[in-house]
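Note that the protein sequences, when read in sequence, are chains A and B.
full-length UniProt numbering puts the first residue of the first sequence at 1, with every later residue one more than the last.
full-length UniProt numbering puts the first residue of the second sequence at 1, with every later residue one more than the last.
Hints are not guaranteed to be accurate.
Said to hold, decoys possible - Label-pair restraints from in silico Cβ distances: (1) L40(B) to L500(A): 40 to 50 Å; (2) Q90(B) to L393(A): 40 to 50 Å; (3) V501(A) to L151(B): 23 to 33 Å; (4) F49(A) to E221(B): 31 to 41 Å.
Said to hold, decoys possible - Listed below are the simulated DSS-like cross-link pairs for lysine-lysine, each with C-alpha atoms no more than 30 Å apart in a straight line: (5) K183(A) to K374(A); (6) K27(A) to K87(B); (7) K17(B) to K370(A); (8) K677(A) to K87(B); (9) K17(B) to K159(B).
These are calculated hints, taken from the structure and not from any lab test.
All C-beta atoms, glycine included, are put in the ideal place defined by N, C-alpha and C.
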Amino acid sequence: DIQYIVLLVVTKVLKALGIFESYDILKVVHIVQFIFILKLGSAVILLFFQKPFSSGKAISKRQWIKLLKHAVFSCIISLLGFFGLTLCGPLRVSYITVVEVSNMLFCCFVCDSAQTRGAALFIIAVICLLLFDNDDLMAKMAEHPEGHHDSALTHFLYTAIAFLGVADHKGGVVLLVASLCLKVGFHTASRKLSVEIGGAKRLYALDNLVSAVVLLPWVIVLSATTESKVESWSSLILPFGMIILSVMILEFYVEAICNTKMETPRCARYGAVALFLSALLLANFWTHPLTDQLRSMSKPAQQLSTEHVLSGGVIVSAVFFIMASSILSSPSKKGQKGTLVGYSPEGTPLYNFMGDALQHTSQSLPRFIKDSLKQILEEYDSRQIFYFLCLNLAFTFVELFYGVWTNSLGLISDGFHMLFDCSALVLGLFAALMTRWKATRIFSYGYGRVEILSGFINGLFLMVIAFFVFVESVTRVLDPPNINTDMLTPVSVGGLLVNLVGICAFSHAHAHAHGGKGCSSNDHGHSHHGHSHSEHSHGGHGHSHGMNANMRGVFLHVLADTLGSVGVIISTILIRQFGWLIADPLCSLFIATLIFLSVIPLLKDACEVLLLRIPQENEKDLNSALEKIEKIEGVLSYRDPHFWRHSANMIAGTIHLQIMSDVVEQRIIQQVTAILKDAGVNNLSVQVEKEAYFQHMSGLSTGFQEVLAMTQQMESMKYLKDGTCIM
Amino acid sequence: QGTIHPFRKTHKSVFGKLKQEFRLVTSDRRSWRILLFGALNLLCTGCLLMWCSSTNSMALTAYTYLTIFDLFSLITCLISSWVTMKKPSQLYSFGFDRLEVLAVFASTVLVQLGALFILKERCVCLPLTHTQTHSGRLLVGTFVALFFNLLTLLSVRNKPFTYVSEAASSSWLQEHVADLSRSLCGVIPGLSSVLLPRMNPFVLINMAGALSLCITYMLIEINNYNAVDTASAVAIALMTFGTMYPMSVYSGKVLLQTTPSHVIGQLDKLLREVSTLEGVLEVRNEHFWTVGFGSLAGSAHVRIRRDANEQLVLAHVTNRLLPLVSTLTVQIFKDDWTRPLLSGTLSSSPSPVPPLGPEGYAIPPSSSALPPLLSDPLTSTPSKPSSPPPEFAFDTPGRNVQQVVLPAAGHHAHGPYGGLGLAYGASPYAGMLSQGVARPGMPSSQSYRTAFGAPTLPLRFGTSNPLASQSQYRQYQP
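Make the full structure from the sequences, and use the hints.
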């Protein structure tokens, strides 16, 4: 199949040429007109070759509507793609398009670790292009981004890029990647339509036609309203024809042929390498006088100087792109996913594909979200957390947007800190949700304990926060920085309001359940929070029942935020009135200590539960219950009493009882269960042992030893049985 | 970081007690080494933190957190040696094995939170400012940290972390390295003995972090790309996440009192065997979980027939499960036990204690009522090796079927297996019974022993070995 490879390589070289050519043309021709001409030209040629109307079955009205949608999408994608081309030059475009084919493969098999590595490489390559590609020309272009906007569309795109905060030329890369991702999704979506229409080629032809029709009114309006920069359309006919032929038609056909004749990965690999090399070569020689004959348009001299050039970043990213495409296009080793179960009678290995089976049974994501939302809203705790989380997120985003709007660094960073704090809320919400899941084989007691673990993690979280605030404020005490207090007051007042709502919600819910609320504060970088009244809280530690570590953790966070806002206000006033710059770090030092002290009770309780301690509040009851058990008629003694709190509303226990031989076991079990139930144990196992049990056990264990001896000395088996069994 | 570790030992709130425990730990020579390394680690961490602030490099800070994690792991090591000296107290009735687990969990979670902080800092700073990184002490710091980390890892035997890193599922870093090395071994087969075994995750992350720091240093030195520092900080933070996450999941699952998934198959087999015991109708409310790393604890409720001998069944159930589950509680219960048994059936439970003696167990009270063939009741082997293996209930097949099928059918749906598709219903038991009788093999207790030593071994007990001892029930049945 060497001829196919040659064909492929030639096509790719032509495509690279076409991309470079179209970059030149796009300098003079408006992008919409350009795409219109491309689509129209290829539609005419394809109509001639494919004859979509005369051959095949007729297209219904519904299919036409689908075609229309398809065409609109393809127009948008090519608009994005070519706009990216105008922004960042042909070389980078050809790099990114390379991955397209392999990317499609990647969409199919994401699960493989090699594939994820390939995807990561691709992302790194894009980041390299974004960060390390110091193209001088691009910087020059960035200076006058508003200079030559031809239409509302390009203007809109420019403003969108500017809004993203990316420099103009890098916006091109972003646009290209976006169009690439869209394209991959679009291809998978169009597969069904192509079957319906009757072949990919027919679809392609019709699609080109319809998109040309779609673009027609726009082009007419454009040409009526704006004057063209083109001197003569006739000189453009040749390059247009070349682009249409190489980029749109030839590539399509050759890809289709090669995909059927060779395996797809190989095809993709050769194509990628060919496109890379030709793009590199062309980028070197495009401005060279030698290629002037190749180029059909003569450029004014000053435009020649603004060509996009090769830079180190491009080379690095090219290496990454090549690696990514080679990894992505290598056949995925799916067989390794299975686990070896055993061998069939014939001797062939049997594999178990767990992952696939799990994927098939898992429900769809929207459904899962809907169900979880419903569950969240069902119960009081999780509903409170959820509403508060929504409020918090809304506030955060308002803050972030306002920060971006006014370009205030302080606001943005505070917004990020808030977002970070929301993660604790999310953790709490998830734990509250999980708690109600049904018990499974693995979680045989149910998921109630998740709540305690989440409380523990939240406690650790607050500890880490306290530690960082402590370190930060110590460095600031030594060298107090100058703080700009302008923005802090409105932000902290807003935060205070939001958090007050949360405090109201949570304290109503849990004031009765536990007194062990500590409070903590959560320091926001340079907007240091301080607070005054935190000592009150953990005075009443020793909550009676229904300890919910999760809610306590969440409450600590909320309280922390509230008091933190108060602290910011106080320290702002101090700094403004008296100019005490040291007030701020001192305040945060104080806060850090308070967080630390207030988290300790939470951590201690959670640790006790996790270490399976006898529940503190039931200790006395349990001791008296054990005494009572000893006094039950017939009970000789007990051993191994284990009682522990499993979750907020479950205390589990196991106990072994020795009783007299003439007592009915079931009666004892009933009595003991009743006594311990009064003491709060609601998941109990009682093992009632009589003397007979120990006899049986000793009998069984002699059997054990005998069996061992039997296997060791096979020849003397009979003798052993006769000799030792009687014992 | 120094402020957090006292609270691992939360139950010791008084400093004097803490001191006493500390003395207990230091009485062992082995813990001296740990303390020495801890002191070295503190020194190293202090140096690194200073260099971090002088170079203003986030990547080095992220790498320093790994050193801090080493400190945590040394503390865990100390705790684990303390745990081995402690006996279960009245309050902590299961002993302090769980403290080890908790320490592992806390240290992995703390490191992950540190990584989260790094990520957050980067998120805040990435679009806004470009901090100038000075590469001065970057390389020195990297190598000092790498050296100390590897020294600590390789010279201190860290039992809990070794266990967790082997038992937990492999992190994505390990997967990728395994994948890469597999393809590398395809090219150079000689490397297979070095590359193919599972990598130690801690060594791996230390190496990877050092590598990315070296790259950062090079790029900053050569091209002055300061953004690399951010990128490599994010990369190190993500790698830390990836490495620590499986371990914290594993230890978190132990803390959540879950059944370890690797013993589920073994447990299922045992429970199936238990439910085939004579007189047992069903097993339910079974909870099995790990106390520390490795030792199982559990409880189960066994429902038995009304006329079955509770103590005998209890002894047999305990005997089956005890090799695997070291802390076991079995509750035997009967339905309608208040209603007297039907006339004509002998109740064995209130029977008087047999006379004790060296052969006391061998003479059951009801043996006189049984035919002479079965009157030599041995606990676990057939009385006469020449006789065919005794069967269960073939003398009264109709009764047996009824006893097994009917009562169990009512409770079938309530069993915890119902939702999982593991039909523990009556009919499988019947099948098991007949199958077991057909193939008298070795008693399976031997395989329990081997399996107990290594719970992850492939399960070896025959599904249907009839324990010879099961035949003994006949003798107690009228």
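Going through the hints against the structure:
1. L40(B) to L500(A): 40 to 50 Å: 49 Å, holds
2. Q90(B) to L393(A): 40 to 50 Å: 48 Å, holds
3. V501(A) to L151(B): 23 to 33 Å: 53 Å, violated
4. F49(A) to E221(B): 31 to 41 Å: This hint is violated: roughly 58 Å between Cβ atoms.
5. K183(A) to K374(A): 35 Å, violated
6. K27(A) to K87(B): Status violated; Cα separation ~83 Å.
7. K17(B) to K370(A): 52 Å, violated
8. K677(A) to K87(B): 28 Å, holds
9. K17(B) to K159(B): Roughly 25 Å between the alpha carbons, so the hint for K17(B) and K159(B) holds.
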